[in-house]
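The lines below spell out each chain.
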Amino acid sequence: MAHVTIDQNDTEAALIEATGYDDHFHEHHHGDKYQSGFIGHYIFSMDHKIIARQFLITGIFWALIGAAMSIVFRLQLGFPEADLTWIKPILGKWIVVNDGIGSLSQEFYYALVTMHGTILVFFVLTAGLSGTFSNLLIPLQLGARDMASPFLNMLSYWFFFLAGVVMFYSLFLSTGPFSGGWTAYPPLSALPQASTGSGTGMTLWLVSLTLFVVSVLLGGINYITTVLNLRTKGMSMWRMPLPIWAFFVTAILGLLSFPVLASGFFMLMMDRGLGTSFFLNEIFINGQALDRVGGSPVLYQHLFWFLGHPEVYIIILPAMGIVSEVLSVHARKPIFGYTAMVLSILAIGFLSFIVWAHHMFMSGVNPWLSNFFVVFTLIIAVPSAVKVFNWITTLYGGNIRFNSAMLFSIGFVSMFISGGLTGIFLGNSAIDIVMHDTYFVVAHFHIVMGIAAFFGMFAGIYHWYPKMFGRFMNETLGRIHFWGTMIGAYAIFWPMHYLGMAGVPRRYYSFETFDAFKHFGPMNKFITVAAIVVFALQVLFVINFFYSIFKGKRMKTKNPYGANTLEWTTPIDAGHGNWDGKIPVVHRWAYDYGKDGKEYITQITPLEEGEVAGDH
Amino acid sequence: MEVADINKPLTHRNKIHPKLFALWISFASIIMMFGALTSAYIVKSAAGNWLEYQLPTQFFYSTGVILLCSLTLHISFSSFVKEKEWMYKSMLLLSFVLGISFVVIQYYGWQSLYAHGVDLKASISGSFMYLITGLHAIHILAGVTAMVVAIIHAFSLPFVVTEKRKLRFRLVCHYWHFVDFLWIYLFGFLMFYK
Ligand code: HEM
Ligand SMILES: [Cu+2]
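Chains as they are written, first to last, in numbering that gives the first Met the number 0: chain C, 0 to 615; chain U, 0 to 193.
Please keep in mind that the hints were generated in silico from the structure rather than gathered at the bench.
All values derive from a computational prediction rather than experimental measurement.
Check the hints yourself; a few may be wrong.
To be verified - Okay, the calculated beta carbon distance ranges per label pair: (1) U:T56 to C:G274: 21 to 31 Å; (2) U:G34 to C:S235: 29 to 39 Å; (3) U:L67 to C:A429: 55 to 65 Å; (4) U:Y192 to C:G520: 49 to 59 Å; (5) C:F549 to U:G34: 45 to 55 Å; (6) U:K14 to C:P570: 25 to 35 Å; (7) C:G274 to U:Q53: 20 to 30 Å; (8) U:Y192 to C:G469: 23 to 33 Å; (9) C:L345 to U:Y192: 50 to 60 Å; (10) C:S362 to U:Y192: 31 to 41 Å; (11) U:A141 to C:I423: 25 to 35 Å; (12) C:I531 to U:Y52: 51 to 61 Å; (13) U:T56 to C:I423: 31 to 41 Å.
Positions of the beta carbon are idealized from the N, C-alpha and C atoms, including for glycine.
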């Protein structure tokens, strides 16, 4: 039999031994061979907990690069007359010195904007967010020993890593990385001669993102299979904690939408390399007509946004799931309207597939067809509002702990409201025709997606940090991080609404020559300064993160927050397989807080005699 | 690799093995990919400027071959389960040969199209045809590779029918039947959607 010594003071472990499910784990896993050696343990690990950390740390790396890029182009935008020669040691020829004044070259400005978008959307907020927390929490919160296929899971990370290597390499090309915007619309992306970044830069962009699609698919297949097949006894779908619901639907969205993007990529590759004209028609370059006819660039936009819109929900749903959990745990209250929360996740997931053309109101799409997309787009506001209402109601009357995780969760709700409201403006095609491609759109999606998703991610990191590293992050630094970022983020993006309403177009290198926009100079300066401050605060966060891995306050008890979910029943330094002896069996939903006079009741606690389950 | 077995004991709740389940989910992805291409095809063809052409006769032969291949693979699998070793091995080899033939016949089909002036660049309809059938052929090659692995297993391991080997073989079969039906759909689509 298994040799598991139970510390009798450890009531949870004792409970699991008494009521758990014996899967004969230890008979199979004497000295888990996958944990032997540094390489097997930390590099080609198949333990979902390690893979989660790999995703997270890679994500942080990319976040720093992507954010630093935005600081560089914001400097150029906010202080066009300033001397940027001091960045020359890093950027080299991309800083052009004229009359002793260095400024960012125009090509590279576009390249930076493009890379910033690509990196943040795909590498940070998709892989870094969903990759990290799906990996960490799906097996732990469901009571599984690992993913359905740990091997595919490992591959998923390494495809992501490879995608990163290729993209990183493209930054150093003499012609620069791709510079046609993160959406990579043709013809800039389809014709290598279209601009400097359209050559090798675009080729590598395509290679990198194709690898990335593979990574997402491998991950998604695994997440879905695990959720549907490997839940422990008693963990019915309707007892799953909300993060799992969110990750599950996220994985489905990715699985169904990324292949469509891949199709678009294949067509783009053929246009670039084999001379087809899927996306090209009657193009002139340098006064020369090309013989490429018959295609349509709008076709690419359809394929792109068929992924692109679900993609924004792929980014936000995991954050929503995390926030739902953190709000409930730290308000010491059950989540309000659990069923409604699940249904709204499903509704958002479904609707996200039928609204993509709201990104194309200005692309010459039939205005009559646009109306359908307007209606579906506006309907998304309904499940979104349900969620917001439930979060606020969960907070209402709660016994709130204002720690960093909680603060970021509340900040998330605030950001989601602000950005969601501007979405409703843009969703009306009549308004969007004016607003499209202005800073109003930039403000909308940075608040609702960029900042909100980052806040969800921060909430998750502060909350589950002890689960990942056995230590806590510094709370004081965490709160400084929160308040600074919260105020700073609004300072950056709020003014952009005004810019947008005044018609200032996005992605322009300079507004010097536009009389109508000149007077926004000071506002642009203000935004840049705010961006620098916010960036500095993120550096503070990263320092806190790495410092705490080694020096943070130790986690002494298994369940420091008094939370109900299963991840807090594993040993503090859980190995591959998560639980030493039996696996816990679940008797109730995850949100029995403040029930029957008890502060919290873990999911592994059997119902008392005559007790009515909390989820009914 | 035995890795996935870390979860083996937990499969108590399933009638279907998680790996098989995962494979089915991946079919959804593949369907979306080809669904995107055929939808784009429909949209583009409606926009006019569309070259019409006859599908090469080779594609009819290849359709027959791939159907046959599904059949032989199925026989091979059921023979394996019934412990009929000779039938299992010979049918597996035959399936492999048929699988390779499919790709070869497709190749001749492309050549004949090309000879009739439907080349890669002449018209979007041609470009779509090459892309769709080419991408499908890549999926077939993946299936052929899986068959190679199955053949290596068949001839290097002692002949015992275990649950694990049944599962592995079943994965190969399901994938193959899937790309088979995928071809029927694509072929029908290319033939009838004008
Ligand atoms: C009530 C909900 C929402 C509505 C009605 C809405 C509507 C829109 C519309 C119409 C646009 C196109 C604007 C244009 O380009 O002219 C847009 C852009 C965008 N939205 Fe939303 N949105 C909503 C929520 C969200 C959420 C939750 C996210 C992400 C988590 C998001 C992310 C984006 C992004 C990334 C873009 C810009 C993409 C680009 O052009 O680069 N939106 N939104
Ligand atoms: Cu959208």
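Note to self: Given a hint of 51 to 61 Å, does the C-beta separation of I531 of chain C and Y52 of chain U actually sit inside it?
What the structure shows: Given about 60 Å between the Cβ atoms, the range holds.
Next item on the list: Take a look at whether the Cβ-Cβ distance between Y192 of chain U and G469 of chain C falls inside 23 to 33 Å.
Entry: violated (59 Å)
Next item on the list: With respect to the beta-carbon atoms only, verify the hint that K14 of chain U and P570 of chain C lie 25 to 35 Å apart.
Entry: Holds, at about 33 Å.
Check: Is 45 to 55 Å a correct range for the gap between the Cβ atoms of F549 of chain C and G34 of chain U?
Finding: holds (50 Å)
Item checked: Satisfaction of the hinted span 31 to 41 Å by the C-beta atoms belonging to T56 of chain U and I423 of chain C -> violated (56 Å)
Item checked: Distance restraint hint 55 to 65 Å, applied to the beta-carbon atoms of L67 of chain U and A429 of chain C -> For A429 of chain C against L67 of chain U, whose Cβ atoms are near 58 Å apart, the range 55 to 65 Å holds.
Next item on the list: Confirm or reject the claim that Y192 of chain U and G520 of chain C have a C-beta distance inside 49 to 59 Å.
Entry: holds (56 Å)
Next item on the list: Could you say whether the range 50 to 60 Å given as a hint is met by the Cβ separation of L345 of chain C and Y192 of chain U?
Entry: Cβ of L345 of chain C to Cβ of Y192 of chain U: about 33 Å, so the range 50 to 60 Å is violated.
Item checked: Outcome for the supplied range 31 to 41 Å, where the beta carbon pair is S362 of chain C and Y192 of chain U -> violated (25 Å)
Next item on the list: With respect to the beta-carbon atoms only, verify the hint that G34 of chain U and S235 of chain C lie 29 to 39 Å apart.
Entry: Once the Cβ atoms are compared, 32 Å apart, the range 29 to 39 Å for S235 of chain C and G34 of chain U holds.
Item checked: Range agreement (Cβ of Q53 of chain U with Cβ of G274 of chain C, hint 20 to 30 Å) -> 24 Å Cβ-Cβ, so the 20 to 30 Å window holds.
Check: Is the hinted range of 21 to 31 Å satisfied by the C-beta distance from T56 of chain U to G274 of chain C?
Finding: With Cβ atoms ~27 Å apart, the hint holds.
Violated hints, listed in ascending order, are 8, 9, 10, 11, 13; each of the other numbered hints is respected by the structure.
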